[in-house]
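Could you slot chain B onto chain A? The hints should help.
Now for the letters of each chain:
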Amino acid sequence: MSRCQSVARPLARQLQQRSMQQCLAIRSFNTTSSQQNAAASAAAAVEPTPLDLDPDTVLPEFEDALIKAGKMPIGSRRRRVALRSNPNSLPFEQLPYQAFQEARKILAADREQKIAKIKEEVEKIARIEAVEDSQFKGGPKMKATRLASLRKYVEELKIKADVNDPIVKKRFEDGLGDMNKPIYRYYAEKKWRSYDQRLITQRISQFHIVPDIIPKLVPTADVQLYFRKAKVAPGQIVDSIVSENPPRLRVQLFNPGERLVTVVVVDPDVPDVENDTFFNRCHYIAANIPLSPTDTSLPLSKIKADDQLALPWLPAFAQKGSPYHRMAIFLLEQLPGERVDVAKVKELYASSRDKFSLKSFQSKFRVRPFGFNMFRSVWDDNTAAVMARHGLPGADVELRTARVHSLKGPVKLRGWEAKRQGPKYRQLWKYTKRIRGLSNARGWTKRK
Amino acid sequence: MRSLIAQRPFVAALSGLSRVCINRPAPIGAQLANSLVQGQRYASVKSQGAYKKKSKRGIPKKLGAKRTGDQYVIPGNIIYKQRGTLWWPGENCIMGRDFTIHAMATGYVKYYRDPARHPDRKYIGVTFEKDDVLPYPAHAERKRKLGRTAHQIRPEAPKPEISPSGIPFQITRVEKGEPDRLLRLRKDYSYREDNWRIGRLVQTTGLKIKRFRTRKQYFRHRRWRREREIEGQRKAAQRREELGDDAVKVVKQLSKKALKKAKKAGRK
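Residue numbers (the working numbering), protein chains in the order written: chain A, 1 to 448; chain B, 449 to 716.
So here's chain A without its partners, still in its complex pose (with noise of 0.2 Å):
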């Protein structure tokens, strides 16, 4: 027997007596033929019961619904499938383990004494607020380090006293963490420390976003990039028909209170065949978007407001021959209080989307880069069918690489057949000309 199926066996096991359980107590109460009880039992599966309503105990085919309603289904099918077949198991806490629970005492004696500190730390701060700046010893530049550090230190009890909690740890792992506390921010980093962060920051070197898009970019926010429902990685090549309509993007902030953010959108891959060059192209800004820790959907789609669209998405689209177009997702911090006056964005870029350079824009708005992702477009057989829904020009041009001809100069032709060009050997020209493939009536060719 294979590791897992040892492992589910005693689940399947409980499932089995249950199922038979349910039969006898069918059987006791009905007296129909066997087939009408099965008939009964699958009509029974496609209504919800109340088990499927909980996220807790959710099947896998009623989940979608669930997720429809706005509850995500909590931790693992087969975990979720152990909880029905045992509802009224002990709450976890309650576990009769004595060395758990033991456990669990010395780790609420240390939770004690780091909210002890914490107050003790809050009435220090309240009494140096108290102090008036003059009287404080060291002048009011060293009020303020004090009281900086000292609530750095605040915070760093907060998390210290909740970190060594199973329960929170185990509320963060089924999603049901609350951004708005500390503790529950503090697991959500670390986790995104852990791998996405570092896939953005490698995303962000190796596509040459730094140095091309803006000279400095430091993520300090989640954001994920949706096409359609399915999560598109960094970087990822997607179809021109899925990017034709706006992604939905999941951010996920990391510090406290609500700000007010801009989604700027960015091709810096655009050909342009006169100057040999490429420029970058805006396909997207909208500004003002409200964002804090607890909302995590941004569906750039939903964005309409004319306080906050400023211009609406371009499709992402290449033409045939040139190379990926990266397309880089910003999302840009608004000052404090602060709000981008979106009309003075559309007079400025609505007119022409290219040459658009984000550095530029995050000085005229006052703007901070704090969250990035990306995808790239390439040509694809549907790219075509979109430019022309879009009125894009375009679709009929096709670039070819531009031959570099070589620094030497011609080579002079070798070969019995090329010796015998000249009038001298007319009478071999019907076996030294008109080669198919290398000559032809007028002289050598190359091919092309």
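For the record, the hints were derived by calculation from the structure and aren't laboratory data. All values reported here derive from a predicted model rather than from experimental measurement. Mixed in with the good hints, there may be bad ones.
Across the chosen pairs, the derived CB separations fall in these ranges [as the list claims (entries may be wrong)]:
(1) B/Q651 - A/A350: 53 to 61 Å
(2) B/Y520 - A/P410: 36 to 44 Å
(3) A/G175 - B/R632: 56 to 64 Å
(4) B/E626 - A/M72: 48 to 56 Å
(5) B/P585 - A/K344: 39 to 47 Å
(6) B/R632 - A/M72: 29 to 37 Å
(7) B/T533 - A/P423: 51 to 59 Å
Straight-line alpha carbon distances no greater than 30 Å define the calculated DSS-like cross-link-like pairs of lysine-lysine that follow [to be verified]:
(8) A/K408 - B/K510
(9) A/K412 - B/K593
(10) B/K510 - A/K433
(11) A/K216 - B/K591
(12) A/K320 - B/K607
(13) B/K607 - A/K359
(14) A/K355 - B/K591
(15) A/K68 - A/K119
(16) A/K359 - B/K593
(17) B/K593 - A/K355
(18) B/K529 - A/K320
(19) A/K430 - A/K412
Using N, Cα and C, we set each Cβ at its ideal position, and we do this for glycine too.
Frame of chain A, contents of chain B only:
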């Protein structure tokens, strides 16, 4: 080392013996052998010059710079040939598998150092402008060239249905009870089905070629079969035991074919 020194007197004694016994000059081979033993060479051997001869000149490897600084290059040009990495590929350059540095763009060769990238390495780069200085500033936008020209995409010419000789390019063969087959005109003016379509025909027969879809399924079946066999044998043994020794009379199992044959033989 110590063992060598220890052996020395013994070797000397041997050589002394040889000198005493043999007076005439030994042939060169023996002399060489002797010299190896004694650790000395005679003048007659030395005069042959075998020890002093230098090796003949080998094949030159022609390493080094093939393009100087500021020289114009095109993609693929070799800039530097080397053993190992004396120079590293920088801007618009790549290194081949024998460490040769090639240009990847048209431009001007620059030899430079880039302490931000590596403190010790020397780089070779190619810039688009002759006046450019490498390395470029750290946070400046990269300089890139498109290197492509625009051409109109020609719409594909529709293929006529009738060939120049007046017969269609493809016909459909309709046979009752069989799937329709598409036959195409070949170069020898015959009509024949595409090979890949012939291959597809197997699917239409509904024949089951393989009993098991996957190897795993087959092995699962084999194991199940073997278990069943073992189980059957065990039961048979048990039955035999119950019946005792007198029931050992075994009726030989015959195949249907063998039974038929036996019946036929009996009738005759």
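Against the structure, the hints:
1. Checked against the hint of 53 to 61 Å, the pair B/Q651 and A/A350 passes, with Cβ atoms roughly 57 Å apart.
2. Roughly 19 Å separates the CB atoms of B/Y520 and A/P410, a value that falls outside the hinted 36 to 44 Å.
3. A beta carbon spacing of about 59 Å between A/G175 and B/R632 agrees with the range 56 to 64 Å that was offered as a hint.
4. A hinted range of 48 to 56 Å holds for the C-beta pair B/E626 and A/M72, which are about 55 Å apart.
5. Evaluation of the 39 to 47 Å hint for B/P585 and A/K344 yields a failure: the beta carbon distance comes to about 31 Å.
6. Look at B/R632 against A/M72: about 56 Å separates their beta carbons, and that is not inside 29 to 37 Å.
7. Between B/T533 and A/P423 the beta carbon distance is about 57 Å. The supplied range of 51 to 59 Å therefore holds.
8. For the proposed pair A/K408 and B/K510, the alpha carbon gap of about 20 Å is at most 30 Å, so the pair holds.
9. Between A/K412 and B/K593 the alpha-carbon distance is near 33 Å, which puts this suggested pair outside the 30 Å criterion.
10. Distance check on the hinted pair: B/K510 and A/K433 sit about 41 Å apart at the alpha-carbon level, beyond 30 Å; violated.
11. Note on A/K216 and B/K591: the hinted pairing holds, with a Cα-Cα distance of about 17 Å set against a maximum of 30 Å.
12. Proximity of A/K320 to B/K607 is assessed by CA-CA distance (about 24 Å); at most 30 Å being required, the pair is judged to hold.
13. The suggested pairing of B/K607 with A/K359 is violated, with an alpha-carbon distance near 52 Å, which exceeds 30 Å.
14. A distance of roughly 15 Å separates the Cα atoms of A/K355 and B/K591; the hinted pair therefore holds under the 30 Å criterion.
15. Taken as a hint, the A/K68 and A/K119 pair is broken in the structure, with Cα atoms around 43 Å apart against an allowance of 30 Å.
16. As the CA atoms of A/K359 and B/K593 are separated by approximately 21 Å, the hinted pair is consistent with the 30 Å bound.
17. Taking the CA atoms of B/K593 and A/K355, the gap is about 16 Å. The hint holds against a cut of 30 Å.
18. Between B/K529 and A/K320, the direct Cα distance comes to roughly 37 Å. Violation of the 30 Å bound is thereby established for this hinted pair.
19. Taken as a hint, the A/K430 and A/K412 pair is honoured in the structure, with Cα atoms around 22 Å apart against an allowance of 30 Å.
In this structure, the earlier hints numbered 2, 5, 6, 9, 10, 13, 15 and 18 are contradicted, and the remaining ones agree with it.
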